[in-house]
Amino acid sequence: MEPVKKVKGKALPLGYSDVDTDQIVPSDALKRIERTGFGQFLFSSWREDEDFVMNKPEHEGAVVLLAGENFGCGSSREHAVWAVQDYGFGAVIAPSFADIFKNNCTKNGVLTVELPEEVVQKLLEAIRENPDAEITVDLESRTVTGPGVEESFEVDDFVRYRLLNGLDDVGLTLRHEEDIEAYERRRPSYMPKVL
Amino acid sequence: MSKPRTLAEKVWEKHVVRRAEGEPDLLYVDLHLVHEVTSPQAFEGLRLAGRKVRRPDLTLATMDHNVPTTEFGLPVRDEVSARQMDALRKNCEEFGVQLHPWGTIGQGIVHMIGPEMGLTQPGLTIVCGDSHTSTHGAFGALAFGIGTSEVEHVLATQTIPQSHPKTMAVTVEGELPVDVSAKDLMLGILNRIGTKGGTGHVIEYRGEAVRQLSMEGRMTVCNMSIEGGARAGMIAPDETTYSYLEGRPHAPQGADWERALEEWQSLPTDEGASFDKEVVIQAEDLVPYVSWGTTPAQTVPLDGEVPEPQNEGHERALKYMGLKPGTPMRDIYVDTVFIGSCTNARIEDLRAAARVLEGHKVKEGIRAMVVPGSMRVKQQAEEEGLDEVFQQAGFEWRNAGCSMCLGMNPDKLSPGERCASTSNRNFEGRQGKGGRTHLVSPVVAAATAVMGRFASPSELGVLEGV
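For the protein sequence lines, the chains are A and B, in the order given.
Just so you know, we're using our numbering here: the first sequence kicks off at 449 and counts up by one.
Just so you know, we're using our numbering here: the second sequence kicks off at 14 and counts up by one.
These are computed hints drawn from the structure, not numbers from a lab.
Backbone N, C-alpha and C fix where the C-beta goes; we use that ideal spot for every residue, glycine too.
Mixed in with the good hints, there may be bad ones.
What the hints assert, rightly or not - Some chain A residues near chain B, calculated using beta-carbon distances under 8 Å:
| # | residue |
| --- | --- |
| 1 | S493 |
| 2 | P564 |
| 3 | Y631 |
Use the sequences and the hints to build the structure in full.
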């Protein structure tokens, strides 16, 4: 994973609540066995409507996605994060996220920023008014700055450390292989085995 | 005396491999379930890093999301699906993972086969790259869905770093009315807590109505925990759990059974333990439900009507569903009825639906299909003659798979097609692009197939319990 410190640029004012991962990337697209190339499927059903916000040229090149509450609910498909990232988004700002989606984001270096509902609304309105306005999500200082908004956000210390340093979990865990072996030695023998 | 603890806290503590200040706990994983959709990139990651699967003996794979449910033995017509199924076959071979492939008796929806093999047991940690892994919580296991990066992590290390969840109790007091199924119980809970009521929490379902559920019913409830945003759902093990498990192929035997039983009996939440959040529901207030919108929390009683929109999200949902506020649910006609999915395709679900269908015919013009959750469920149903009841009524009798729950295989809705479905998600396009999904219980699905519109079994003269 590449280290990520800051995401800065234009934003896409989606605003919808309860956006599920089936909307982010439909199940038809999950048949690929690669991690790449999912951006073309991002919100693909909604994109068929020419009035959909993503089809507006003024929002082209956005790197921050602004959404409503409970973003990323439903299926655990990491393909949803791959789609968001592959399309060009480095950060998603919403009042709340579904747990698995948020967790999957941390494994890929996509920032999920929870801000109070009214702040997200303010950003949505500001970006709709001025699509060229920029938003900065700074992981080091844990702040979001945008048109008329300067807000700090919470992020788990360990997640932040991993993201800032681009560390992958498997490598980190394998440093503690002795602990895993010790645990395995004390596991009761009646625990089920597949083989 | 030590502090009273909840079921979830006890299972968690028993699995801590490593705990360090400022870091998530590293938990040991007792059972890792794998399917074809969320695993190829994880195996590829192992290959690139030159890593092995640490514990193939704790890893089990099957094919479910992509598989056609009509024919066996023929080449899978969708080449991309075939490639994904083939990738799983090769990965399992290369890494020594046991696979129950398409076309074999052990195959089925991943959340069906763990319990039926007796691998799903109280007190275990179970993960799978699938959000409905919460199903296994019905046994008092801590079971949750993970992403593909985490699948890779578990394959390589048999552990998973996890931040502490909050705990939530959902207590359903009293006895369920006779026409209210486990599915209705859960739809009723979701209606009350909403799509994010459980976010960050592990829910424990408690109370008399939950205790009285069979294991099948408990799995239906825990299955949909994720639809309330919960990280997991659990039910404390009891005699119902033990008698379901005893004698299953992978259940402990002899002296091991006694040791395991002693351990399992220590798991239920201690008296006086506190939860971060508590919800109490009276069972007598619950009724059969039908969803009207595009989230599983958007439901009304079967006797109710399409509600007035309260916000822009509701308006979008009504538009997508093609519904007008004030329309009685019983006046809504369907094109298709789907009985299946990891929510409602266990033997008990099929028995309940068959009881309603006995002596009735599916209304002309309606496509009705029943897709058993596993090939073993299918076999058992055939031994009981349920296949004949379904087929005589006009249902298609299929092979096991996820089928129309998620539209990754040939079973799909067409744009605008309206479906009464026993599955778990009514998201836009979930069952096929433009498809309109209404979530219901198996008995409501069966009655609806006969009447052609949303209906209860009592309209067909079926009055017994569900």
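Review point. If you take the shortest Cβ to Cβ gap from A:P564 to chain B, is it below 8 Å?
Key: 15 Å, violated
**Study point:** Hint status (Cβ of A:S493 to nearest Cβ of chain B, threshold 8 Å)
**Key:** This interface hint holds because 5 Å falls under the 8 Å limit.
Exercise for review: Return the status of the interface hint for A:Y631: holds when the least beta-carbon distance to chain B is below 8 Å, violated otherwise.
Suggested key: Hint holds; A:Y631 Cβ to chain B Cβ min 4 Å, cut 8 Å.
Violated hint: 2 only; the structure is consistent with all others.
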